[in-house]
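Please build the complex by placing chain B on the supplied structure of chain A, with the hints as guidance.
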Amino acid sequence: MAFNPTPRQTTALKSVIFVLALVPFARMVYLTLAGQLVEPLEFITRGTGDWTLYFLCFTLGVTPLRKLTKWNWLIKLRRMIGLFAFFYVALHFLAFFWFDHFFDLQEMWKDVLKRPFITVGFIAFVLLIPLAVTSTNGMVRRLGGKRWQWLHRLVYVVAPLGILHFWWMKAGKHNFTQPIIFGLIVAALLLVRVYWSRSKAKAYASAKPLAAAQAAAR
Amino acid sequence: MLIKRSPNGIDLPFSSEITPRDVFESRRGFIKQMAMGSIAGAGLLEMAMREAHAQGGDNPKLPAKLNPAYSAMDKQTPYKDATTYNNFYEFGTDKSDPAQNAHTLRTHPWTVTIEGEVKKPMTLDLDALMKLAPLEERIYRLRCVEGWSMVIPWSGYSLSEIIKKVEPTSNAKYVEFVSLADKSQMPGVSSRVLNWPYVEGLRIDEANHPLTLLTLGMYGETLANQNGAPVRIVTPWKYGFKSAKSIVKIRFVKDQPRTSWSLSAPSEYGFYSNVNPDVDHPRWSQASERRIGEDGFLTRKRKTLMFNGYSDVAPLYAGMDLKKYY
Numbered sequence: 019m020a021f022n023p024t025p026r027q028t029t030a031l032k033s034v035i036f037v038l039a040l041v042p043f044a045r046m047v048y049l050t051l052a053g054q055l056v057e058p059l060e061f062i063t064r065g066t067g068d069w070t071l072y073f074l075c076f077t078l079g080v081t082p083l084r085k086l087t088k089w090n091w092l093i094k095l096r097r098m099i100g101l102f103a104f105f106y107v108a109l110h111f112l113a114f115f116w117f118d119h120f121f122d123l124q125e126m127w128k129d130v131l132k133r134p135f136i137t138v139g140f141i142a143f144v145l146l147i148p149l150a151v152t153s154t155n156g157m158v159r160r161l162g163g164k165r166w167q168w169l170h171r172l173v174y175v176v177a178p179l180g181i182l183h184f185w186w187m188k189a190g191k192h193n194f195t196q197p198i199i200f201g202l203i204v205a206a207l208l209l210v211r212v213y214w215s216r217s218k219a220k221a222y223a224s225a226k227p228l229a230a231a232q233a234a235a236r
Numbered sequence: 130m131l132i133k134r135s136p137n138g139i140d141l142p143f144s145s146e147i148t149p150r151d152v153f154e155s156r157r158g159f160i161k162q163m164a165m166g167s168i169a170g171a172g173l174l175e176m177a178m179r180e181a182h183a184q185g186g187d188n189p190k191l192p193a194k195l196n197p198a199y200s201a202m203d204k205q206t207p208y209k210d211a212t213t214y215n216n217f218y219e220f221g222t223d224k225s226d227p228a229q230n231a232h233t234l235r236t237h238p239w240t241v242t243i244e245g246e247v248k249k250p251m252t253l254d255l256d257a258l259m260k261l262a263p264l265e266e267r268i269y270r271l272r273c274v275e276g277w278s279m280v281i282p283w284s285g286y287s288l289s290e291i292i293k294k295v296e297p298t299s300n301a302k303y304v305e306f307v308s309l310a311d312k313s314q315m316p317g318v319s320s321r322v323l324n325w326p327y328v329e330g331l332r333i334d335e336a337n338h339p340l341t342l343l344t345l346g347m348y349g350e351t352l353a354n355q356n357g358a359p360v361r362i363v364t365p366w367k368y369g370f371k372s373a374k375s376i377v378k379i380r381f382v383k384d385q386p387r388t389s390w391s392l393s394a395p396s397e398y399g400f401y402s403n404v405n406p407d408v409d410h411p412r413w414s415q416a417s418e419r420r421i422g423e424d425g426f427l428t429r430k431r432k433t434l435m436f437n438g439y440s441d442v443a444p445l446y447a448g449m450d451l452k453k454y455y
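Protein chains in written order, with this note's numbering: chain A, 19 to 236; chain B, 130 to 455.
Calculated directly from the structure, the hints in this document are not laboratory data. A virtual CB, placed ideally from N, CA and C, is assigned to each residue, including glycine. Watch out, some of these pointers could steer you wrong.
Here are the simulated distance ranges between beta carbons [to be verified]:
{"id": "1", "chain 1": "B", "residue 1": "435", "chain 2": "A", "residue 2": "93", "range": "52 to 62 Å"}
{"id": "2", "chain 1": "A", "residue 1": "108", "chain 2": "B", "residue 2": "392", "range": "36 to 46 Å"}
{"id": "3", "chain 1": "B", "residue 1": "435", "chain 2": "A", "residue 2": "206", "range": "28 to 38 Å"}
{"id": "4", "chain 1": "B", "residue 1": "321", "chain 2": "A", "residue 2": "122", "range": "34 to 44 Å"}
Extracted from the complex, chain A is given alone in its bound form (with noise of 0.2 Å):
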């Protein structure tokens, strides 16, 4: 299907993208005033974690789909995605140092140092921030489209960093079905850009001698 959207198209679907991604925040503070919670904070802790979660995915998914679907315009999404995925990170950081320290930084970081199921979630954490620094296209520009890149690449240390972080908190009450679905989505993902870019090397490699061959014939 060769769609491809006009520039006001995309602004649309952006907007349309924003408002629902929009919708998870918007319901944990709903219920939270409505008092509908017996426990809100809980809700709010686990349900930032939960949808960083699906916006890694969904960031990770984009090339994929793209690659699919031949849709190349769906890269114009993508970073919008990605910070609704800090966006989510942060809220939920925020969640921890708040109800479970109350903005103690010094209890935070024995709480940080001393569980590694902590810990892992913490680096996951720092290691988003880089990125959500450097998505502006004035960073992008200033870093090189390389550097950039190379950089952007820390989402596949992010994103299993992330898993074992919801792994360990799952692990306690043996409740792995959420961790694996994450865990197998995410495998996927990653997977198959080892795959993409071993088969671009395969044909980088066979096309170099012809190409040599090809030189020299000229």
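Using the frame of chain A, we list chain B on its own:
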């Protein structure tokens, strides 16, 4: 020391004054009236009944005399919170699952078989259990291993009343509680989250401690299904999961019972699992807790008390390294 020992108990709240439940009770009555009056009444009535089951609050009254010696002075948790925020994995792993799913539990008829190292094994039905000793109301703090707490008025009597009747032999070193595990009534039993049936246990001296409550009611009514109807144990100085729900068997045994949680994650949930602010769970601190319905956005979590404030039980553990026997 937070257990109020007042000789007359006059200053203590009674279960009748606890919750703002009359509001939704009257609403439910209204729904029922509407339902009965309408032609499509059957469906609506069923809906109303289902709602009643899901939320509790319509359970039969269960008169019990407040025992002020065993009643905490803390503010009680609203009935709605205590019956909609539960861990009862037989009905699902989310806290809201038990309230939604537990209506399928059939609590009548029900029997509890008491067996093992006892001179007089017996099987008691609910009627017999209700009449075995006078029912007392006790307001206990409940501390969940996950770091939250509630304050709940339970009705029942000390488990020691039953222990006296069955006459344990000298071989009876531990008491094991076995919960119902019936897939047809409990959707969660089909998942492999835990070893079913749910097994919990106490050392015989812990089981004999007067605080250990054989519980048949809450908030002046019979137990809500999601809270472990029709009969459960409550040991307020231990994390909540030690208080087995919907019990069908009480076994007196020689060896320490292999309890469900300690089998599932031995490094996280020990056999004793006494509330202890100094022994952290591997994944979070146990030094503080959030009181459901009270501590929120504007308050720091409150300090957790040793043995959940029930220092009466300390002699049971004299000389024991509670970091080792967590």
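Hint says 36 to 46 Å; check whether the CB-CB distance for residue 108 of chain A and residue 392 of chain B agrees.
-> 39 Å, holds
Beta-carbon spacing of residue 435 of chain B to residue 93 of chain A - inside the hinted bounds 52 to 62 Å or not | 58 Å, holds
Is the gap between the beta carbons of residue 321 of chain B and residue 122 of chain A within 34 to 44 Å?
-> 39 Å, holds
Falls inside 28 to 38 Å, the C-beta gap from residue 435 of chain B to residue 206 of chain A?
-> 49 Å, violated
Hint compliance for this structure: hint 3 is the single one not met.
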